[in-house]
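As they're listed, the protein sequences go chains X and V. Each residue of the first sequence is one higher than the last, beginning at 1 in my numbering. Each residue of the second sequence is one higher than the last, beginning at 464 in my numbering.
Keep in mind the hints are simulated off the structure, nothing from the lab. It cannot be assumed that every hint is accurate.
Capping the alpha-carbon separation at 25 Å, the derived lysine to any residue pairs in SDA-like fashion look like this [to be verified]: (1) Lys663(V) <-> Ala552(V); (2) Lys663(V) <-> Asp346(X); (3) Lys376(X) <-> Pro599(V).
What you are looking at is a predicted structure, and each value in this text was computed from that prediction instead of being measured.
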Amino acid sequence: MILDGLRGPPSLVRRLVILAAGFSVAALAVTSVVLVLLFQQAAIRRLDQSLGELVDNLLAATTIGDDGVPIGPALTDERALRAYSGRYWEIAEPIKGGGVRAVVRSRSLWDAELKVPREVAAQLSAKPGPPIAFESHGPLGEPVRTLASQAQLPGRAAPVIFLAAEDRTPVDRDVRGFVAATAISFVLLGAGLLTAVVIQVRVGLRPLFDLRREIAEVRRGRAERLSQRYPSELTPLADELNALMAHNQEVVERQRTHVGNLAHALKTPLSVMLTEAAQQSGPLGDIVTRQAEIMRQQVDHHLRRARAAARAQGPGERTPVAEVLDELSRTLERLHHDRGVAIDWDADEELSFQGERQDLLEIAGNAMENACKWCKGRVRVRADAVSPARMRLSIGDDGPGLPPERRAEVVQRGARLDESAPGSGLGLSIVDELARAYGGALTLGDSPLGGLGVEIELPRAET
Amino acid sequence: MRILLVEDDPDLSRQLKLALADAGYAVDHAPDGEEAQFLGETEPYDAVILDLGLPKVDGVSVLERWRRGKIATPVLILTARGAWSEKVAGFDAGADDYLTKPFHTEELLARLRALLRRSAGHAAPSLTCGGLRLDPRAARASVNGEPLRLTSLEYRLLHYLMMHQGRVISRTELVEHLYDQDFDRDSNTIEVFVGRVRKKIGPDRIETARGLGYRLVCPPGEEAGQPAAT
């Protein structure tokens, strides 16, 4: 699990959580080991203390008989009277060749002896000194803690060894209980810490997620700029992003302006040339007229390309469709007022195009103008959503329509099928070009009104 | 017929002045927006040919100022800027026709003739209802002096309602009067049009008489219910 988490792309959340979790777990583990050791030492020290008192009592109460044999005290400890009670004492003497031999022993020992390891026995026999504590086994094989001390008693030349022992089992049980309690509480503490770390990281990094969400909103065209208040660490980043987006917008606008200026600058002279050439009968006039027409088409084409390039850099925008259709219907009806064209349009108020307003105006405007040119009086426009991310614009007229075999030609660039109607004749190829630039498509079919039906699929802005 | 030609390019101006004079018009020429605005406000022209890219004041602003000053002279816009956003802006400013450069002189003359014919159409009294005003001659409507922007079907709907103001008009009657004979008569679309017109003139002006139809309401005002001549 942890290894899986370490793979994959670097993640701030994972890094912070793993660092905090690793530190917490290590700290908890060390603390728990230290605590257990301290508890164990304290328990053993308490045991040693009680054994030390027993040895001291033995030493104080023991007398040496006339025959030089030590006489043990009658009563030292109540527990030492019961057989195998777990608390024992013994008065012993060193024997030749190492080891000790019991001289007097507590009733609890019955007929057993306290086992003394050889090296401890050697140490005890050598000289009197501070009591020595060691581990050994009792009469029933249970682990016992033993304290031994050597002393010289008056009336006896040979040293006497006093031993006191106690069953370790209760102490060990206490230590085990302590270990279990520590383990449980530290595991709970660790889990709590981990949860706290995860929550802390999530809450701490929330502005970062908010920032990402807001940038997505801007890209989808639902917001113009980042407007939330961010923590001081993120404010410079948000400001820079806003500045970058404003700069991009400005570049797009500037390109548009340049492109418009170029159009204006070239088209007036072209108009003059066309008018002048029309008055000159003869080959010169014809050539100028033809070439001026070609120049105009070239200008139009390259202006569109420049605009498409400008669009690719711009941030996402959303354009309400109903508003654009209303404006275009009014304008086109006035343009074709003489022929009494009525445009019947309908679109959901909520429907929005994912793209720039100018481009939707060009797409719908050119397609609708084409319909107005060819219709007998009625144009029908419908815009609807086909999926959360796509919309469809259907434009139909009651004109003569177009036979299926000629439909492919219309959308080819520069095709001039509609040459006989006034206008540039590039209407539908411009629509096709723009729709493609937006990842959409244009298809031609039959309109319910009887004429040509144009369907344009376009990206839809999410609501 | 007296025409005002507003164009800053000297060559194009000369050519157009000649062509218009040949066609029998009296032509005044203004080379910039300031002069155009002054001439348009002081002289009674029959039509204006207005270039949009002008020195000093641009064409759209000139047109907007004229329309605000209640100067209704028909205006044909002449521009190099052929984008639909610019056409829409031109018409919303009050233009009557639009011609993109470069153009053939014959087309300009044909459009100008059509424009003059249209504006000379037979006089019909304008209709009023509360702050609503509809001028059938120019096919224009306004609410409280603000021009309304209507499509032709919306205009026809409002026109019919205003001609029969105060009366409940059934959906069938509306369908019959709004559409041609062969229009697909889907009465649901009437609701759409009523909704759009309501949005433009104010929600309370058209009442829905449930199950019966619609009624245009004229709040009592100085002009309420009175047809007035212009």
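What hint numbers does the structure not satisfy?
none
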